[in-house]
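*Asks:* Take a look at the letters that make up each chain.
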Amino acid sequence: MTIASSTQFICFVALSAAVAIGALGVVLLPNIVYSAFLLGGVFLSVAGLYLLLNASFVAAAQVLVYVGAVNVLILFAIMLVNKKENLAAIPGLALRRLLSGAVCAGLFALLLRVAFSTPWATPGPEPLGEEATIRIGEHLFSDYLLPFELASVLLLMAMIGAIVLARRDVFAADIVTGEPADQGLIEKSRTPLLLEKSNR
Amino acid sequence: MNLELTTVPLQAYLALAATLFCTGVWGLINSRNAVRVLMSIELMLNAVNINLMAFSSYVDGQLIRGQVFTIFVITVAAAEAAVGLAILLSLYRNRETVDMERFNLLRW
Chain A
1 MTIASSTQFI
11 CFVALSAAVA
21 IGALGVVLLP
31 NIVYSAFLLG
41 GVFLSVAGLY
51 LLLNASFVAA
61 AQVLVYVGAV
71 NVLILFAIML
81 VNKKENLAAI
91 PGLALRRLLS
101 GAVCAGLFAL
111 LLRVAFSTPW
121 ATPGPEPLGE
131 EATIRIGEHL
141 FSDYLLPFEL
151 ASVLLLMAMI
161 GAIVLARRDV
171 FAADIVTGEP
181 ADQGLIEKSR
191 TPLLLEKSNR
Chain B
1001 MNLELTTVPL
1011 QAYLALAATL
1021 FCTGVWGLIN
1031 SRNAVRVLMS
1041 IELMLNAVNI
1051 NLMAFSSYVD
1061 GQLIRGQVFT
1071 IFVITVAAAE
1081 AAVGLAILLS
1091 LYRNRETVDM
1101 ERFNLLRW
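Chains A and B, in that order, are what the protein sequence lines are.
Under the numbering used here, the first residue of the first sequence is numbered 1, with each subsequent residue one higher.
Under the numbering used here, the first residue of the second sequence is numbered 1001, with each subsequent residue one higher.
Errors might be hidden in some of the hints.
Stated by the list, open to error - Pairs of lysine to any residue, SDA-like flavour, derived with a Cα cap of 20 Å:
no. : chain 1 : residue 1 : chain 2 : residue 2
1   : A       : K84       : B       : R1095
2   : A       : K84       : B       : I1041
3   : A       : K84       : B       : S1031
4   : A       : K84       : B       : L1091
5   : A       : K84       : B       : V1037
6   : A       : K83       : B       : M1100
7   : A       : K83       : B       : E1101
8   : A       : K83       : B       : L1010
9   : A       : K83       : B       : M1044
10  : A       : K83       : B       : G1061
11  : A       : K83       : B       : A1086
12  : A       : K83       : A       : N31
13  : A       : K84       : B       : E1101
14  : A       : K84       : B       : L1010
15  : A       : K83       : B       : S1031
16  : A       : K83       : B       : A1015
17  : A       : K84       : B       : E1096
18  : A       : K84       : B       : A1012
Said to hold, decoys possible - Here are the computed distance ranges between Cβ atoms for each label pair:
no. : chain 1 : residue 1 : chain 2 : residue 2 : range
19  : A       : S100      : B       : V1073     : 21 to 31 Å
20  : B       : R1102     : A       : A4        : 51 to 61 Å
21  : A       : L150      : B       : F1103     : 23 to 33 Å
22  : A       : T7        : B       : N1104     : 27 to 37 Å
23  : A       : A17       : B       : T1007     : 10 to 20 Å
24  : A       : P123      : B       : F1103     : 22 to 32 Å
25  : A       : S142      : B       : R1107     : 44 to 54 Å
26  : A       : G101      : B       : R1107     : 22 to 32 Å
27  : A       : E130      : B       : F1103     : 39 to 49 Å
28  : B       : R1102     : A       : P123      : 49 to 59 Å
Honestly, the hints are just simulated from the structure, not real lab data.
The beta carbon of each residue, even a glycine, is placed where N, CA and C say it ideally should be.
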């Protein structure tokens, strides 16, 4: 991308601050609706980082799939299960949080040490820039063809699995006759069906 | 420090991804709400994607294999989110709660 390096640096600092603070908000905020919207902000900032890394296609895919699909799915799930409940206190919760925080800080230090002590082979070859989308298409239809087709099978399986899992699994019986009633019929026309049977 | 800002090094992206990943791990361990656990998993997947994209741009600029991998990870993450939320809905219907501490049917 033909942005001046200082502009690129400022954009990187702003986007990474948005990602880090947004992620902390997702984890720490008590209201889960705010967390979900902050998660959308984190996804958008990560898409901006992809734009900085010369990857316009992946940035668009990130916005479409993560912000448009995953985040909306999470918001719908929150709407479906958002019941006010008083969480029962657990003994040793503060200790548990402290211990897991220490473990995460250790993991963070380890990752940072690896990142800063390894001699990475940079600078590599010149980045492609706007040619990247063409190259991704070539990859997907030549040497990554099998994973590409498997991904379509995976998406189909996930769709069917989600429908089967989230279906309301009542084996509804008719009130009067006691016969198992068809679920589609009940959901389509609940009242007329029952009224007609009970009037008889 | 020099007044002219230099280009962003690869290590800056790696450090950002490490921050995001560790935040996600902490949230995954400590969240009581099951929806927040799924959100933490999404954060961790995004951290991995940032790593892949950074390496693809800095080390593998011509054959951008990291970007292809990122697209596959995004696909799998979408499938994971759909199935995870469906499991969550079914759990909520059975247990009337989303508290992770009360999903203990199979615990010792």
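*Asks:* Each hint: holds or not?
*Replies:* Hints and how they fare:
no.: 1; hint: K84(A) <-> R1095(B); in the structure: holds, 15 Å
no.: 2; hint: K84(A) <-> I1041(B); in the structure: violated, 24 Å
no.: 3; hint: K84(A) <-> S1031(B); in the structure: holds, 16 Å
no.: 4; hint: K84(A) <-> L1091(B); in the structure: holds, 17 Å
no.: 5; hint: K84(A) <-> V1037(B); in the structure: holds, 18 Å
no.: 6; hint: K83(A) <-> M1100(B); in the structure: holds, 14 Å
no.: 7; hint: K83(A) <-> E1101(B); in the structure: holds, 16 Å
no.: 8; hint: K83(A) <-> L1010(B); in the structure: violated, 44 Å
no.: 9; hint: K83(A) <-> M1044(B); in the structure: violated, 27 Å
no.: 10; hint: K83(A) <-> G1061(B); in the structure: violated, 49 Å
no.: 11; hint: K83(A) <-> A1086(B); in the structure: holds, 17 Å
no.: 12; hint: K83(A) <-> N31(A); in the structure: holds, 12 Å
no.: 13; hint: K84(A) <-> E1101(B); in the structure: holds, 16 Å
no.: 14; hint: K84(A) <-> L1010(B); in the structure: violated, 44 Å
no.: 15; hint: K83(A) <-> S1031(B); in the structure: holds, 16 Å
no.: 16; hint: K83(A) <-> A1015(B); in the structure: violated, 37 Å
no.: 17; hint: K84(A) <-> E1096(B); in the structure: holds, 11 Å
no.: 18; hint: K84(A) <-> A1012(B); in the structure: violated, 41 Å
no.: 19; hint: S100(A) <-> V1073(B): 21 to 31 Å; in the structure: holds, 25 Å
no.: 20; hint: R1102(B) <-> A4(A): 51 to 61 Å; in the structure: holds, 54 Å
no.: 21; hint: L150(A) <-> F1103(B): 23 to 33 Å; in the structure: holds, 31 Å
no.: 22; hint: T7(A) <-> N1104(B): 27 to 37 Å; in the structure: violated, 52 Å
no.: 23; hint: A17(A) <-> T1007(B): 10 to 20 Å; in the structure: holds, 18 Å
no.: 24; hint: P123(A) <-> F1103(B): 22 to 32 Å; in the structure: violated, 49 Å
no.: 25; hint: S142(A) <-> R1107(B): 44 to 54 Å; in the structure: holds, 48 Å
no.: 26; hint: G101(A) <-> R1107(B): 22 to 32 Å; in the structure: holds, 23 Å
no.: 27; hint: E130(A) <-> F1103(B): 39 to 49 Å; in the structure: holds, 48 Å
no.: 28; hint: R1102(B) <-> P123(A): 49 to 59 Å; in the structure: holds, 53 Å
Taken one by one, the earlier hints fail for this structure at numbers 2, 8, 9, 10, 14, 16, 18, 22, 24, listed in ascending order.
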